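*Asks:* Based on these hints, arrange chain R on the given structure of chain A.
Residue numbers (our numbering), protein chains in the order written: chain A, 16 to 318; chain R, 16 to 318.
The hints are simulated quantities; they were obtained by calculation from the structure and are not laboratory data. A quick note: this is a predicted structure, and the numbers were derived from the prediction, not measured.
Each pair may be met inside one copy or between any two copies, as identical chains are not told apart.
Straight-line alpha carbon distances no greater than 20 Å define the calculated PhoX-like cross-link-like pairs of lysine-lysine that follow:
hint: 1; residue 1: K228; residue 2: K175
hint: 2; residue 1: K43; residue 2: K102
hint: 3; residue 1: K256; residue 2: K279
hint: 4; residue 1: K228; residue 2: K291
hint: 5; residue 1: K173; residue 2: K43
hint: 6; residue 1: K180; residue 2: K43
2 protein chains.
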Amino acid sequence: MFDKVALIGIGLIGSSLSHVMRREGLAKTISISSRSQETLARAQALGLGNEFTLDAGEAVQDADLVIVCTPVGVCEQVAKTIAPSLKAGAIVTDVGSVKASVVSQMLPNLPDNVHLVPGHPIAGTEYSGPDSGFASLFENRWCILTPETSTDRDAISKLKTFWEKCGSQVEIMTATHHDLVLAITSHLPHLIAYNIVGTASDLETDTRSEVIKFSASGFRDFTRIAASDPTMWRDVFLHNKEAVLEILGRFSEDLSTLQRAIRKGDGEYLFDLFSKTRDIRRSIIEIGQDVESPNFGRHEAED
Amino acid sequence: MFDKVALIGIGLIGSSLSHVMRREGLAKTISISSRSQETLARAQALGLGNEFTLDAGEAVQDADLVIVCTPVGVCEQVAKTIAPSLKAGAIVTDVGSVKASVVSQMLPNLPDNVHLVPGHPIAGTEYSGPDSGFASLFENRWCILTPETSTDRDAISKLKTFWEKCGSQVEIMTATHHDLVLAITSHLPHLIAYNIVGTASDLETDTRSEVIKFSASGFRDFTRIAASDPTMWRDVFLHNKEAVLEILGRFSEDLSTLQRAIRKGDGEYLFDLFSKTRDIRRSIIEIGQDVESPNFGRHEAED
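In isolation and in its complexed conformation, chain A is listed as follows (with noise of 0.2 Å):
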């Protein structure tokens, strides 16, 4: 599909982009760029790519199609590194969580003659690196494209089919909404992990151990969101600022009438908001986004 792709950043999207291209035949070339020469061997070492270079200006020359994998806080600096070595009519894009943000960093600083579309693959695991990719991770998923309204039809149109290849739906929607969709489902629950896996991490110690060892009654499904990457999920929250703190505006408020309900003992609206929310998880699971299995399946993943 391609003669030459480039990934800059080779972790969990990287690597899963590069088992799946490779899988389906989608380019000739692989190049890929790391900032870490330590993850750069190992992506060499997996056998990611075809060429391996710590110069991302290096790695997209001649390349088709440049993705950017980085943590969306150093797109900027990505943009003016490769500038100068994109070819004629490259599509760049990018698999970031914020997408506004990634415009305003990239467009100025890339040249009139490449095409950027940005992306977001609506998929992930809470392990990071080159080593935690695999093919099947795009499959049935999500991924939304946000280009400008000026952007160039044919690119688009091929970035979609090159998503489609790896397993997933495409949804192209603007920036803004894309930044305020994504505060909901996902910025605002790795917020709220986070917060709650904090929050235990700093009882005393005694309390703390018992807390790990009874985590099969709730809690340890927000310490596998709580163990994502801190890099991309600090870049997320400074980069979409204003749609998660508008969002995490109305949880708070949510939160207090809650709050307010067991402490006067109100029954029937503990009742009322407990059966609603079951409508949404079975809408989740019609619609295939998540598995029917108790606990998640987790018992056939022991066995």
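*Replies:* Showing chain R alone in chain A's frame:
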């Protein structure tokens, strides 16, 4: 191990106990009672017991072990109902997620010649009802017993052995301490999950359907917990009010600090918090309280 065990209530925990007692040969006769004719008929169709009755008093006649598997809000009523029919020397226990309230609801209403040993198996799924049980639910999980200091040692010891034969490890602590630890590990996570899914549920229709669609970015984890039984959880919050409000207070303080760090763009604070939470996840996996597989092993469940 017992001639006759009575299960008062036959939801997820009751039916799982039935399965594991059968598998391990722990009871010659299993007597089941439910307040609902429909549930009782379903339990009978599933062959979960030997005797079935709508009258809890009838179910406990001649039982050596009585396990109350109802929502904690009806424990007092159950104690009053079964008290006149209990055999002298019977062990009476329960499986509720709150313990101090269970003691104060049941102890004054039971005859002096039976042994109340409250219990709480730290095990469950998001499903409820007699169809949802399975024999391995308690395997490698903890079961906490919270007897009074004056409780008969033999009764405690016998119940401990029972739970060990069900696959659990047993820990003994005071009811008050149990309620504080579970407020952190279980009640707060459920409260937060219900709240965040409730916030999403209140969004305008278009946004809500997008939240469901893109739920794989984190939100879907919360919906599993928020799909738990509404009656059971209403009762938990009504009956562990003080500990829940205390822990919720700490959580809210921490969340305010985190909110301010985002507003101020304090990346160092965010990075430090997001790093230390990873350690807790690692500890939970090390002690075997969760699976190591990415995304809880959802991929294995799908295959």
